[in-house]
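Novice: Residue numbers (this note's numbering), protein chains in the order written: chain X, 131 to 422; chain V, 7 to 221; chain D, 220 to 389; chain L, 3 to 667.
Please note that the accuracy of each hint is not assured.
As the list claims (entries may be wrong) - Covered, in the sense of this in silico footprint (three residues per stretch, anywhere, with C-beta under 8 Å from a C-beta of chain X), are these stretches of chain V:
#1 73 to 81
#2 88 to 97
#3 105 to 117
#4 127 to 134
#5 142 to 154
FYI, nobody ran anything at the bench for these hints, they're computed from the structure.
Only a predicted model underlies this, so the values are computations on that prediction, with no experimental measurement involved.
Glycine is no exception: its CB is placed at the ideal position from the N, C-alpha and C atoms.
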Amino acid sequence: MRYGYFPGCSLTSSAKEYDISLRKVTDKLGITFEEINDWSCCGATSAHVTNHKLSAALAMRNIMLAGQQGLDNIIAPCAACYNRLIISQNEVKNHSGIRKETEDLLSVKFEKDLKIINILELFLKSGLNKITEKRKRELSGVKAACYYGCLLVRPAAITKFDDAEQPESMEKIVEATGAYAVDWNYKTECCGAAHSISRRDIVIDLSKKIIDDAIAHGANVLVVACPMCHTNLDMRQRAMKRKYPEHKNFPVLYLTELIGLSLGMDEKDLGIDLHYSNFKYADTLMNNSAKG
Amino acid sequence: MTSDILKDAKKLQTSFIPSGNFKESFKEKEHDKNISIQIHERSVEDEITERTFQDVSLCYQCGKCSAGCPVRYYMDIAPNKVVRLIQLGYYEEALNSDTPWLCAGCLACSVRCPKEFDLARFMDAVREIALEKGVEIKQVNILKFHNAFLDQIKNHGRSYEAGLVADYKMKTLDLFQDVDSAPGMFLKGKLILLPHNIKNRKEIKRIFKKTSGKN
Amino acid sequence: MDKQNWEPKIVAFVCNWCTYTGADLAGTSRLKYPANCKLIRVMCSGSIDPVFILKAFERGADGVLVSGCHPNDCHYNAGNFHARRRWDFFHKLLDFIGIEKGRLQFSWISASEGKKFADVITKVTEDIKAMGQFTSYKKMNSEFTVDFPADLAELEEPVLQESFDKETVK
Amino acid sequence: MKIGVFVCHCGENISSTVDCLRVADLCKSYSGVEYSVDYKYMCSDPGQKLIKEAIHKYDLDAIVVGSCSPHMHERTFRNAAVSAGINPFMVEIANLREHCSWVHDEIEASTRKAIELMRMAIEKVKRDKPLTKINVPVTKRVLVIGGGIAGIQAALDTANAGYEVVLVEKEPSIGGHMSQLSETFPTLDCSQCILTPRMVEVHQHPRIKLMTYSEVERVEGFIGNFKVTIRKKARHINEENCSGCGLCITKCPIKKKAYNSFEEDLAFRPAVYVPFPQAIPNIPVIDETVCTYYKTGKCGMCLKVCDREAIDFGQKDTIHVADVGAIIVATGYKLYNIEKKSEDSIYKGYGEYGYGKYRDILDGLQFERIASASGPTSGEIKRPSDGRVPKKLAFIQCVGSRDDSKGISYCSKICCMYTAKQAMLYRHKVHDGEAYIFYMDIRAGGKMYEEFVRRAIEEDKVKYIRGRVSRIYEENGKYIVKGEDTIAGMPVEIDADMVVLATAMIPQDDAGSLARKIGIPYDKYGFFNEAHPKLRPVESTTAGIFLAGACQSPKDIPESVSMASAAASKAIILFANDTLEREPVVAKVNEDICAGCFYCMKVCPFGAVEVKDVKDMNGIVYKEVAYINQGVCQGCGTCTATCLSKSIELAGFNNEEIFAEIAAL
Ligand SMILES: Cc1cc2nc3c(=O)[nH]c(=O)nc-3n(C[C@H](O)[C@H](O)[C@H](O)COP(=O)(O)OP(=O)(O)OC[C@H]3O[C@@H](n4cnc5c(N)ncnc54)[C@H](O)[C@@H]3O)c2cc1C
Ligand SMILES: Cc1cc2nc3c(=O)[nH]c(=O)nc-3n(C[C@H](O)[C@H](O)[C@H](O)COP(=O)(O)OP(=O)(O)OC[C@H]3O[C@@H](n4cnc5c(N)ncnc54)[C@H](O)[C@@H]3O)c2cc1C
Ligand code: SF4
Ligand code: SF4
Ligand code: SF4
Ligand code: SF4
Ligand code: SF4
Ligand code: SF4
Ligand code: SF4
Ligand code: SF4
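Given only the sequences and the hints, what does the whole structure look like? Please build it.
Specialist: Below you can see the structure in the form of structure tokens.
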């Protein structure tokens, strides 16, 4: 089984740290993958909200390339990419019209059936005990609110890996690192990523509610698995403060970064210093650990 | 207020009474010069069904979609009402609404709909049709953002924030909106200034060209 | 018999509870439809054996109609579903042995649908007329059918034709 | 064989478009036809006389009448034939009126068709065989399965008509769901108060044999002659000795290990218990799964305190057999559970409402218990989590109902009403409380029902909000209910103290397996199917098995009771004769050629096909063949068309007869 890697645009720029930490962590856990050659953008929200054919073609181009490269799986760490790829693939599978159209557009025939997997599936599959075994740092004081966002588990009929309303897979991973996962309400509420730039007002409100609920349920860190979520929840905190003066900065980590920390890696190595909010994550969390 | 109510009453009359057929009555409106959208033989409802593979009449207007929609508070009309307008043939009102543009595509509605109606997909189709019919989009920044984003992909194969933000700001002339993030990103080395061009940009261009044609 | 005067011969297998009664209603309502189709009454459309249809074709029918109760209305609850299922299969078989699908038609007519009965018979008759006489039945592979019991196989071709013709001449 | 042919003019109804004389003449030329005649009114007395005389005079074996539809006068002509000594099934009717003269105008074409129809009938009648009606004896005793209000009513009605009843209830007490209800719409009378007298009446009725804590294991036989096997589960209490003093219950040290299912898990019960104080019979049951004695062999506290020596730890299940002539199924319903039970269940559960993780989100029956004076809170409305009186209550209708994606597509029919009732009860009990009801439509079709709902709104100021709720979650001890008011077009959020879900009424878990055991069909949800949705709503499609109450579809009490009385009267009608006469149109297997594939068994809608052993001369079974129970077979013929080896014939419509009709064309 050869894993393909589709980083997606964000992981090459604004979410570099996600890419960095993912590579570091998987390396340590002995998971290997190959980047898809000459991959292009999945089309993201902008394509499917304005032009469905374009969206299907952009997504399928990458799946096709991976197939040609001899890969069996595609890991898409960005929840939005994951969602676009799996939905487009599903559509092509179920509607011969779209299939034909897209095949014609790309001048190929879709033959290989690649499995698109998200970051949670990757860790669940590769064995949580590996994380537990290789744990170096004590994270028992970490109270994580696992934030799935909207696109990771929906629609469950297509993603087929966790419950759409009360997902638990990220909690399982977080608990494998020795951290504690809190039960909270906004696991799957949308942060409005699609409007991150064009309607910042909306995004700030939505993200604020998410952070507040995490705090209300005793979390001391938000754990995310999507660059868009991270951008909104981390980078927008300054704007949030402007609108809601009582707001206090709150740490937001990528799941891979949390795993990396538990494996004893250095914050800088994991790229955590690239976060917008300047936290000494490891210290803060360790202090909390000390406090219990 | 009063006048609005009267307007609505009038609309009901033209829509319901003369033909008893919503699609027909919409065609009658063709002569109305105030209407900016083109009317095709095929009704908007049929087009949506064709594009989304689902019948609009499935929706029984329970409102569960709107109840759980994260951006509901910012919309001019509730998501379920957009479906209602299409069901009854008020295409103009539906296509002119902000709601489809504000929809963040989060799928909360689709996964909870008791009738298994994929409303997010429906919204995609409404937007597509509105664009194709040349409806004036009120959420202009949202559209401009999408266009800026797609331009990036069209030209480079991937998007990159610096170009995206620059392009978007050119398009919207809103130069100061993101000041609190862009410099920081730049300093942290995350806002890459040069685009990453993929090799096979020709193919991407071709895809864009071929899909840009109206249906 | 010259082609001009050719009238299609159509057999309809109908269930006792719905379609047969629907045909009765067409009668009481004095609706008119062509006289080409003769009904064979069975208790339930579920009991119609594909062999009956092959036999009908073998005996010179140009078309066959099968009609029973609407889904969920079957007097016996599920018979018509069985009929339906058998049909999907049988239609394929017909195709395979070279009988045009339109020669065999299927419909649901309830006891209160006299009008529908008349309409269906009219339509089927027209369809079959348009298809022309069905001559290829002889080619039918006998392995798909069972033999008529001996005395029936030898049953004379309908006497009525000749004698009737004779009488009209007279 | 000598056949007589009779062509009727029906006044001018037939003869105006069919040349009857010519038809009769031509028929004479067909082989086997001994006599052929036309006449103005065959069905009239002189017409029938004509037939009878011809039968005698020409010594006819069979007759064909060309007349109106067999649905009109088949019986008339059969009777005429019988009185002249011919078997009634040696009569065939050619439908010359409804199917010919009335629907065609051309004389030539109609006459031609009439001749063909006659010929088909003549060829068929040649192959007809004399058949005799089937007589089956009737056992005048009825089995009622399920002791809810429907089963109770059915049992009382049949017993009061003078027949014996065996009432089987799987729980330790009869009463069903009605015994759990607080007050009942639309009159708000106390459920227990009206139910208990009936339960007592059942208990004391000399003709009702009550078997609680029992289940039907097997049903064999057919209408009038069922043999049922019943398993009486061990109560571990000797029913004869027990006086119902309840001492064992009060002394049992196990107090909090078992949820009290009568209280919908809102309370606990001891290991030895009666479900509720008014239980009938008032005899406890020991729950082996929690009782200390069964775990450690110790305790035996109940044994010590019972001075009537009624405790019997060694008691075993017993098997009982009863012969009955009719069965009334009244097994009721259960409520949809918002917790996801399993991946492949058709009920997907409501994660967005918290999958039942919040203790103050209740279903309808739980609220009934909380509102009931005999319930865990003695009728005071309190939150299960902290016992506080909720000041804001949200009700959500149609949970699981009308939901293709998570529940079932149908409307549960009663929840609009019980929600209105519950909101009203709440407002009566908590005067400063607010009640909100999220609904999609109000279905209040019934006597005084709409008025009842309006009363909730107008007098009790219950707020109805039209729209389905999308999510419920907890925030600071309140439950945030996110909805949309689709009438106002505005989003709504209610911070409720307690939420009541009007969850769907669905069939009992074992409905499907029970149906298969007793041989009745059920729909895709598990509700038992009626024989005809309008005209035979209380009969199952299996002769002699009747349905009552919510096991057939969601129903309220008035409907369940009317259905029960109707089912009882169907059984009583059956018992009005000592034997049953049935049309002989039934299927029969030719055992010599049956291949034993049992496809017929799979398709028979009535479960009439059984397995029969064929033995050789030494009594050794050498093959299994299909055997059709003539008491059960309804004569649809589905099996005949299914049987690949053509081993089944339907009397009166056998292959030969139909081939003859085809060949005659
Ligand atoms: C919350 C709620 C409130 C309601 N309020 C009202 C109201 O106010 N007014 C009103 O008219 N109606 C009301 N109803 C409806 C009412 O409960 C039903 O109409 C009524 O109980 C149906 O009676 P039943 O006998 O058909 O079924 P049930 O009451 O369900 O009785 C069935 C019986 O059969 C037994 N049984 C099941 N399976 C077997 C088996 N295999 N073998 C032996 N026994 C078996 C069960 O143990 C049970 O005792 C309410 C329902 C609910 C859920
Ligand atoms: C428009 C419409 C459509 C409907 N469609 C459906 C449907 O699709 N499905 C369905 O299930 N139901 C339908 N119904 C309901 C259905 O008509 C009734 O449920 C049913 O007819 C009731 O039957 P009944 O015998 O109680 O009353 P009725 O049909 O009213 O019969 C009462 C009889 O009593 C006679 N009578 C009255 N007073 C006296 C007297 N003093 N002495 C002697 N005789 C008397 C009357 O002449 C009449 O013949 C429909 C009703 C309406 C109005
Ligand atoms: S949830 Fe579904 S059925 Fe309900 S209003 Fe929305 S789209 Fe329509
Ligand atoms: S997909 Fe759009 S309409 Fe649906 S809930 Fe999300 S934002 Fe609202
Ligand atoms: S078992 Fe004994 S103690 Fe218990 S109720 Fe019966 S008589 Fe009383
Ligand atoms: S033996 Fe069992 S039932 Fe009896 S008192 Fe002890 S625990 Fe209770
Ligand atoms: S009765 Fe009312 S609450 Fe119940 S399913 Fe029907 S409409 Fe919904
Ligand atoms: S009165 Fe008739 S139409 Fe109106 S709600 Fe009741 S049943 Fe429906
Ligand atoms: S289908 Fe025919 S061969 Fe098979 S078991 Fe039934 S009767 Fe026998
Ligand atoms: S005729 Fe119908 S009811 Fe009788 S055994 Fe055959 S399938 Fe069953």
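Novice: All the hints need checking, so say for each whether the structure fits it.
Specialist: Cross-check of the supplied hints:
1. With 3 residues carrying a beta carbon less than 8 Å from a beta carbon of chain X, the segment 73 to 81 of chain V meets the three-residue requirement, and the given coverage holds.
2. Evaluation of the coverage hint for the segment 88 to 97 of chain V: breached, as 0 residues show C-beta separations to chain X shorter than 8 Å, against a requirement of three.
3. Figure legend: the segment 105 to 117 of chain V, annotated as covered by chain X; annotation consistent (9 residues with Cβ-Cβ distances under 8 Å, at least 3 required).
4. Counting residues of the segment 127 to 134 of chain V whose beta-carbon sits less than 8 Å from any beta-carbon of chain X gives 5, enough to reach three: the coverage restraint holds.
5. Requiring three or more residues with a Cβ within less than 8 Å of a Cβ of chain X, the coverage given for the segment 142 to 154 of chain V holds, as 8 such residues are present.
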